[in-house]
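Participant: Go ahead and model the full structure; you've got the sequences and the hints to work with.
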Amino acid sequence: MARATSDPVLQVDNIKFRRGRDILRGIHWTVEKGQHWCVLGPNGCGKTTLINVVTGYDSPTDGSIVVDGQRFGDSDWREVRKRVGIVASTLTTFLESSEPVIDVVASGRDAKLNLIDIVPAALQKQARSLLQQFGCGYLQDSLWGPLSQGEKQKVLICRALMSRFRVLILDEPCAGLDPVAREHFLHWLGGLGSQQGAPSLIMVTHHVEEILPCMSHVLVLKSGQVLAAGQKEDVLSSTVLSEAYGAPVKLSSRQGRYTLSVAST
Numbered sequence: 028m029a030r031a032t033s034d035p036v037l038q039v040d041n042i043k044f045r046r047g048r049d050i051l052r053g054i055h056w057t058v059e060k061g062q063h064w065c066v067l068g069p070n071g072c073g074k075t076t077l078i079n080v081v082t083g084y085d086s087p088t089d090g091s092i093v094v095d096g097q098r099f100g101d102s103d104w105r106e107v108r109k110r111v112g113i114v115a116s117t118l119t120t121f122l123e124s125s126e127p128v129i130d131v132v133a134s135g136r137d138a139k140l141n142l143i144d145i146v147p148a149a150l151q152k153q154a155r156s157l158l159q160q161f162g163c164g165y166l167q168d169s170l171w172g173p174l175s176q177g178e179k180q181k182v183l184i185c186r187a188l189m190s191r192f193r194v195l196i197l198d199e200p201c202a203g204l205d206p207v208a209r210e211h212f213l214h215w216l217g218g219l220g221s222q223q224g225a226p227s228l229i230m231v232t233h234h235v236e237e238i239l240p241c242m243s244h245v246l247v248l249k250s251g252q253v254l255a256a257g258q259k260e261d262v263l264s265s266t267v268l269s270e271a272y273g274a275p276v277k278l279s280s281r282q283g284r285y286t287l288s289v290a291s292t
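Per this note's numbering, the sequence shown starts with residue 28, numbered consecutively.
Heads up, a few of these hints could be off.
Okay, the calculated beta carbon distance ranges per label pair [unchecked claim]: (1) PRO275 <-> SER125: 48 to 54 Å; (2) ASN70 <-> SER264: 19 to 25 Å; (3) GLY283 <-> ILE145: 42 to 48 Å; (4) GLY162 <-> SER125: 22 to 28 Å; (5) GLN282 <-> TRP215: 14 to 20 Å; (6) GLY273 <-> GLN222: 33 to 39 Å; (7) SER291 <-> ASN70: 22 to 28 Å; (8) ARG46 <-> ASP101: 20 to 26 Å; (9) LYS277 <-> ASP144: 51 to 57 Å; (10) ILE145 <-> THR57: 38 to 44 Å; (11) SER86 <-> LYS277: 35 to 41 Å; (12) GLY273 <-> GLN223: 39 to 45 Å; (13) HIS214 <-> GLU59: 23 to 29 Å.
Treat the hints as calculated values from the structure; they're not laboratory data. Cβ coordinates follow ideal geometry from the N, Cα and C atoms, glycine included.
Facilitator: The following block contains the structure:
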């Protein structure tokens, strides 16, 4: 299959998704190589559904998805997933409680879940190294089920890093992290995004405080549709976010980081 002319790492054309109701209603979105996107919007606007569709965990009702030149439906999506690192709470619903943490991390290499084969020693070593780097080496001999929410999030981050990815998708990656752990993670993410040749980052969040200086673009969803999309400086404003959330809000920035407050009426 021929690649798109602009060779985007992700191209979404007129994606629709219906499950009892219209959740996504004609989404158009293109992520070019070198761009880092933040996806914002109120609860129920379709953020997580969009990520599930892009990664093939849900099938769109209509529309086209191309990841790294491979079109959904024309390619083996199990192979495509190897180019996409993902940190998402939805993965927790697919993981067995009895799955060893080392296997959860190692499974990221081939985008598989609930491994039944013995993990090669080289992958085990890499998985243990990643757990150590993220301060959770003490979990390497644990099982998935008993972990806290924050611990599971860290393990999923390590899992994503096992993949040789072109795109790293993070669906609310700071959920369950305490403030110090959150800032440590954001510092790491900012460092990754600032590296030359870094994968394209896509971070879904409810909190503008988590939008880093390295984020170049913003996608704002409302009621399953694109409200605004483009360069961060053009899209991220009090006006756009007030319309998205249906309430007057004030966006402030300082040293490349943002805060949001509900404006007095």
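Participant: Which numbered hints does this structure break?
Facilitator: none
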